[in-house]
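> If you want the building blocks of each chain, they are given just below.
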Amino acid sequence: MFEYLKQSWPTLWPTLGAIGVILAFVPVLGLYMTFIERKLAAYVQDRLGPNRVGPFGILQAIADAIKLFLKEQIIPDHVYTFLYFIAPTFSLMTAMFALVVMPFGPVPTEYTEGFRYIVAPGIDIGIMMMIAISSLSAYGIILGGWASNNKYSLYGAIRSCAQFISYEIPLGLSIIGIIAASGSLNIEQIVSSQGGAIWNWNIFWQPLALIVFFTSALAETNRLPFDLAECEQELVGGFHTEYGGIKFVLFFLAEYTHVVTVSFLTALLFFGGWHFPGLTGPVDANLGGMLLRTFVLVFKVTMVVGFIMLLRWSLPRFRFDQLMGLAWKGLIPLALLNFLCVAIVLTYDLPKHYLALTALFLVAGSMVSARHLQHTINRPRSEGRPATNVNLTESAI
Amino acid sequence: MTTKKSKTVKWGEEPKIGWWEAMYLPAIAGGLATAIKHAFSGRTTTRQYPDVEPEIPPNYRGVHRLNRDEEGRVKCVACYMCQTACPANCIEIIAAPAPKDDPHWKDRDKFPQTFTIDELRCIYCGMCEEACPVDAIELTSVYDLTGYTRKELIFDKEKLLSVFDETSTAGKDPVRTNRGALGPASVEAATASQGPPPPGRGSHG
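One line per chain: the protein sequences are L and D, in this order. Take 0 as the starting number for the first sequence in numbering that gives the first Met the number 0 and just add one per residue. Take 0 as the starting number for the second sequence in numbering that gives the first Met the number 0 and just add one per residue.
Only chain D is shown next, with the shape it has when bound in the complex (with noise of 0.2 angstroms):
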């Protein structure tokens, strides 16, 4: 049983070690110099995680947060889109008809009664943002999401809006905020804008 070369299998070499090398002091004098030079650099890249909180880009894709609009209402008017491109089927709603004898309520055909995302099964791949036509989800910047049981990291409805308020009170909103056409769920902003209706998706840079 020899080792024969075979044309289909690649053999690795292993660099060869010249006489110089082979003296090894003067390579054991280079390797001090480099680690000495990095010693006194002063140069760390530690990063002192609970003391200084990293500095997390504005299009990062964090935890999910429901946008409310103008009047405080959830922005969302469940049409499904979310849940339809979702990829990890993490999100659930069920929509209601909106009470139209509410004035308040009265541009609305529909309002998501329960909203739920699942955020240990999502990939937070943003899809779900992508689809929304009102810019109603949206995935923030908070990355340090921690819980006790599944249970709990299951977001509903309540959950997800304090999220919103959390991170815009904070001045965290992710750079796509506002960003595509915001549909009827905001009358008021299409009106007072008097301008050229927004520009549709897929034209955003």
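One chain only, chain L, in its complex shape (with noise of 0.2 angstroms):
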């Protein structure tokens, strides 16, 4: 056993050690990602925001990540007490496994010696993984429903189920273009089709797998506009009704790490990773273009991230035919537009700027599917469903 361990350590450390960044970095994250959105949300909404505790507020996070961990536990009475408490590790677990072939910093695409900024370099499946998993973490979100034996929470988890087998097909649909065009799997092999210059990012030459992308991966997320799970206004707080504390947190963590795992692949696929013009040669070839270069896809990140706290403020919660509307008349739809597309410029090997076509398309298709969403929206509430509304005034005559 030792032996063993002593033959194997100098390619066990380096996987330790990103699994240590990341045991490390999500919670910490996780828990500044709720300051980070309380700020901006009041600065949206002309507010200060938090500003007791500590300078600027900036311990804010750490006094209610103490509050939360020293709560109670409480536990009703009518629970499954089993998946009562399988539900929020497991959606912890489904959000956290999903970075394990995510790169958070350059990794070449052969195999070196020593540390790299991932956990499982060089996975030919990576790509495809990251989905497998993340969909995954629909279960914690319907056993967290089910095990609260709650109308309510029930409620909000079957429309999370709903929501995820929706949005996964644009999502995989959305990807499939640029896994084409860049001819694999592997997230480090996409990332690395993208480097030279600024016109190479993805975004340029599929701008509507991106929107297709972004949207489902948005929805993937459960947050607003897509919260329909937890929508307060209706469902109590959905699927953690009953959830408090530390279990609440896991919970919370597992929808903010989910938003980390949404930004990365967003940065990784659409924007270039860690490519920014100028910064060229090996990516490992010193230590200081490693960092810059880590530098770069976390500044990518940020505003990632920033973009989707900014939605959040600025967009209404969908109506849930609505919401459902949107995916099968308007993403999937486009998300087959855009791999016809590449798919074409792939099979007659016609030169890469046919695939600005796919910029035209966002805007012809994206009207054409809007004609079929209005007509939804705009449907009456009382069309195709009994009649509920009974006029009360003449019932009572």
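Derived from the structure by calculation, the hints contain no laboratory data. Because the structure is a prediction, the values reported are computed rather than measured.
Among the chain L residues that face chain D by a calculated CB cut under 7 angstroms, a handful are: (1) V43; (2) D45; (3) W312; (4) S313; (5) L314; (6) A369; (7) L372; (8) Q373.
Even glycine gets a Cβ: it sits at the ideal position worked out from N, Cα and C.
Could you fit the two chains together into a complex? Lean on the hints.
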């Protein structure tokens, strides 16, 4: 055993180190994202936000963490205790597991010795594994909703389930175009195919894919405007109504981990990852270059996170039929359109410029799908439903 | 059972969404622009209350005070006008005849032996100070009235006089101070002015 460890140590410690980095950073990141989100929300709403704990309120996140961890652990009488405890851990576990194939810094496409900015480098099905794992996170929510033994929680879980199933499809379809264009499922390969000039970033060639991917990924994170699973006005708290204290923290952390995952994926797949104009040469040539590239990647991710947070305070929540309409009538046809374009260009070896057509399709396709969506949105509420709106004055007579 | 639209019931219509809005993206851009504009405007409506006290307008109707006259006596003449006018029945006065042999009190017939206001019962309508003929009772701009028990928020005469001392030394007199006729409670003020008699009630602006 000891001999085995000694032999495998050179390949073991970089992995353990990367796992340590992720395990250390994700909870802190999640905590501080709540702080940043509260501050941003405050500024958008012309308020000041948390400013009591520490200078500029910087210790508010830690105070929140202490408060949540020291809370009394209440287990309601009516829950299925086993599932009730499994659900939040499952939720966080799947969210963290998706980070295994996520490069959080520059990773060369060839395997090298020493520390790497990824837990599992060179996985050939990287992006597919990530999507598969992150779709498992629906289980955490469904288990939580079911175990709570509460109508509102179950409603939240069911909504979330339907939403996950619907938005998995455009999410996968939008990535197919990127995968086909770069010729690999490996995330490091996809990023390295965007190296060089800024024009090599995928956003300029497949903007339609970016819109579809980002929208469906946002829906997967269960955040506003897609947070029907926990919408306070209708479902109290949705699937986490019965959860409090540290169990709630796990759900919360899972949500923020999802946001981080989505932001990383967006930056890696569409915005060139750690590539930036002027940063040339092999990614692992020297420490300075690696740190600079890490900074570039983190900067891009921060931008995306900030954008997601801003979206939360700009958009109202979708109605459920609008949500379904957007996925099935809007995003799936658009994703197919994008994939069709990419497939044609690749099959006939056309110059890459033809891919700019997707940008045109973005406008045309969204106009057409908007026609359908408009019908969905404007449909009267009573249409196709049992007549529950009994005219009270007449029935009273 | 059908939903028949009756003429007596007004049915609300949801606003229709046009083609442009159903494309979502322009509307989202507009919403983001609004959010960003507010985020960087640097304008906040937050009041940092305990750190920065709000500016209370001088005609604010807060905690009552019982004014003192120039000699430091209570200005009230125990006429019961405020107690009668009070719609919440929160004022309770017990009058006593002024000590006649004391030269200090020789211009008064009565004075309030006790003067109690239940600050929790009061609705701060200001009718007591409207009714007062000698401007003895006034509502100050003190707004942060708190207490641990109900009992300590029933203010007696001494407490109400101490509110006067606090607010007048802090320069927070209400704008209504010395507004109307002063009455016999301060003869000195009437004799010192030597002018026409001060305008009566109702003519003030």
